[in-house]
Amino acid sequence: MNAVVDVNSADFDLQRSFAMQQSFATIAAEPSLGARLTSPETHGFTRELARLGAGLGLAALYGLALGARTGGMALVQHALGASAGLAAVGVLGIPALFVLLALVNAPVSPSAMLSAGARALASAGFVLAGLAPSAALLAVTIESPNAAAFVTRSGLILAGGIGLLQLTSAVRDMLKELPWAPRWKCNALLLGFSVFAIMLAARVWYNLPILKGAA
Amino acid sequence: MNSRVLQVFDELLRSPRAVAERSRAGGDLRPLFIASLSALVLGAGVFGATLATSRGGIQLFYSGVKLPLSMVATMSLVVPAFHAIAAGLGRPLSFSGTIGLTLAAAGRGALVLVALSPLIWLSFDRGLAYHPGVLLATACYALAGLAALDLVLRAVGFDVRGVAIVGLFSGVLLVTGGQTAWMLRPFLGRPSAASVPFFRHRESSFLDALQQSSLSSVGVYKAARGLSDAQRGAMPSQPSPRLETSDEPR
Numbered sequence: 000m001n002a003v004v005d006v007n008s009a010d011f012d013l014q015r016s017f018a019m020q021q022s023f024a025t026i027a028a029e030p031s032l033g034a035r036l037t038s039p040e041t042h043g044f045t046r047e048l049a050r051l052g053a054g055l056g057l058a059a060l061y062g063l064a065l066g067a068r069t070g071g072m073a074l075v076q077h078a079l080g081a082s083a084g085l086a087a088v089g090v091l092g093i094p095a096l097f098v099l100l101a102l103v104n105a106p107v108s109p110s111a112m113l114s115a116g117a118r119a120l121a122s123a124g125f126v127l128a129g130l131a132p133s134a135a136l137l138a139v140t141i142e143s144p145n146a147a148a149f150v151t152r153s154g155l156i157l158a159g160g161i162g163l164l165q166l167t168s169a170v171r172d173m174l175k176e177l178p179w180a181p182r183w184k185c186n187a188l189l190l191g192f193s194v195f196a197i198m199l200a201a202r203v204w205y206n207l208p209i210l211k212g213a214a
Numbered sequence: 000m001n002s003r004v005l006q007v008f009d010e011l012l013r014s015p016r017a018v019a020e021r022s023r024a025g026g027d028l029r030p031l032f033i034a035s036l037s038a039l040v041l042g043a044g045v046f047g048a049t050l051a052t053s054r055g056g057i058q059l060f061y062s063g064v065k066l067p068l069s070m071v072a073t074m075s076l077v078v079p080a081f082h083a084i085a086a087g088l089g090r091p092l093s094f095s096g097t098i099g100l101t102l103a104a105a106g107r108g109a110l111v112l113v114a115l116s117p118l119i120w121l122s123f124d125r126g127l128a129y130h131p132g133v134l135l136a137t138a139c140y141a142l143a144g145l146a147a148l149d150l151v152l153r154a155v156g157f158d159v160r161g162v163a164i165v166g167l168f169s170g171v172l173l174v175t176g177g178q179t180a181w182m183l184r185p186f187l188g189r190p191s192a193a194s195v196p197f198f199r200h201r202e203s204s205f206l207d208a209l210q211q212s213s214l215s216s217v218g219v220y221k222a223a224r225g226l227s228d229a230q231r232g233a234m235p236s237q238p239s240p241r242l243e244t245s246d247e248p249r
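Here the protein sequences come in this chain order: A and B.
Take the first sequence: its position 72, counting from 1, is numbered 71 in numbering that gives the first Met the number 0, and each next residue is one higher.
Take the second sequence: its position 102, counting from 1, is numbered 101 in numbering that gives the first Met the number 0, and each next residue is one higher.
Because the hints were derived from the structure by calculation, they are not lab data.
Any given hint could be a false lead.
What the hints assert, rightly or not - Under the rule of at most 25 Å between Cα atoms (straight-line distance), these lysine to any residue pairs were calculated in the SDA-like manner:
hint: 1; chain 1: A; residue 1: 211; chain 2: B; residue 2: 209
hint: 2; chain 1: A; residue 1: 211; chain 2: B; residue 2: 211
hint: 3; chain 1: A; residue 1: 184; chain 2: A; residue 2: 106
hint: 4; chain 1: A; residue 1: 184; chain 2: A; residue 2: 203
hint: 5; chain 1: A; residue 1: 211; chain 2: B; residue 2: 206
hint: 6; chain 1: A; residue 1: 175; chain 2: B; residue 2: 158
hint: 7; chain 1: A; residue 1: 184; chain 2: A; residue 2: 102
Just chain A, same shape as in the assembly:
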């Protein structure tokens, strides 16, 4: 490995990129939970539903961390609320996107769409879970309700953004073979879906007490 590292020649970048591919391949052989949840591979219906459920469960950890600010019932309220934003996009948004894409004859199948949706929601949930320890510290120690709301909002935007990025990338990959005109229509639909998904998730997440200024 050191030999690769210490090389100082023109083909260094090539060697380094090969080394990166090798190490990422090693990781792929024994994937971590994060790698499994965010993997672009498609699985069967049950496994995809399990992946989706895992994502929603992980998102609840972020809610629990936020609920620690006031404790008691707020723990449950925030846990349910954090997952509900993602669930709403999964239940209301993704089937609608599939129908609209099918109407313009995009080459998307229900199973591929389920896989893309499960991956996106699992990614968002995993990021929310990763942010939970920091969120717990900040929610408990920050006095100002505005600052606490700002931190909460930032976490939700970060995770939601990563989930949306995963979903749009997966759908765009399915459209690669399309001619220019129908692909343009599909991209416009994707853009519209993205705006809808952001508004829908925001609508649900804004019911979180911490975002309403709960001390």
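Fit chain B to the given chain A structure using the hints.
Frame of chain A, contents of chain B only:
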């Protein structure tokens, strides 16, 4: 084991790419953990104690203990976030690799702080005032942070995705680390202060202080919190002298 730990210690400074590769590849990461944690605790301890030379006395010990504590606590809190952001953006690492990489980056940053400690000490010794001292310390943290993030960037890759991962992680690190340090302040201590507390009482937050400092820098001053309504009523209607908390020890 000891020789491997010393070798990693050397690599943290000279070969960040080798450290990044080792973290990403996984395997036996114990020497990396030990060397990085030692560098983190020693480096932050030395820098913390050096910061306190502006106040002297027991503050030297307090800051020497609190700065490593603050950095270790921050690292523990942000490792899951880094792991999740990297996976979410398509660069999954093993969890042990993520811990190794984060610790190594923090250890490298702490070693840079050690290198900057003599400059801090000399500046305070030559009479650098409190507020410029805070700015100098902030510049040292920024330099150390850049050295640390350079190592992380080598592990996730120098491309748009890698930069996005490091950028988002930096945001989480800044807010979490800022709040942790805010809770453990003061680190410098004011020379005029009669006594030196180990912790200040819970007050406001890092983000509020950042907002207040930003407003103050453009001439907008917020009145200090905690004044009773009666006190407010007794205050003159003309703009009063600064009553913000920026004068408090950091």
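Going through the hints against the structure:
1. Between residue 211 of chain A and residue 209 of chain B, the direct Cα distance comes to roughly 22 Å. Compliance with the 25 Å bound is thereby established for this hinted pair.
2. A distance of roughly 22 Å separates the Cα atoms of residue 211 of chain A and residue 211 of chain B; the hinted pair therefore holds under the 25 Å criterion.
3. A distance of roughly 13 Å separates the Cα atoms of residue 184 of chain A and residue 106 of chain A; the hinted pair therefore holds under the 25 Å criterion.
4. At most 25 Å may separate the alpha-carbon atoms for a hinted pair to count; residue 184 of chain A and residue 203 of chain A exceed this at roughly 29 Å.
5. For the given pair, residue 211 of chain A sits about 18 Å from residue 206 of chain B by alpha-carbon distance, which is consistent with the 25 Å threshold.
6. Among the hinted pairs, residue 175 of chain A with residue 158 of chain B is consistent with the structure: their alpha-carbon atoms are about 23 Å apart, no more than 25 Å.
7. With a C-alpha separation of about 11 Å, the suggested pair residue 184 of chain A and residue 102 of chain A falls inside the 25 Å cut-off, and the hint holds.
When held up to the earlier numbered hints, the structure conflicts with hint 4 and nothing else.
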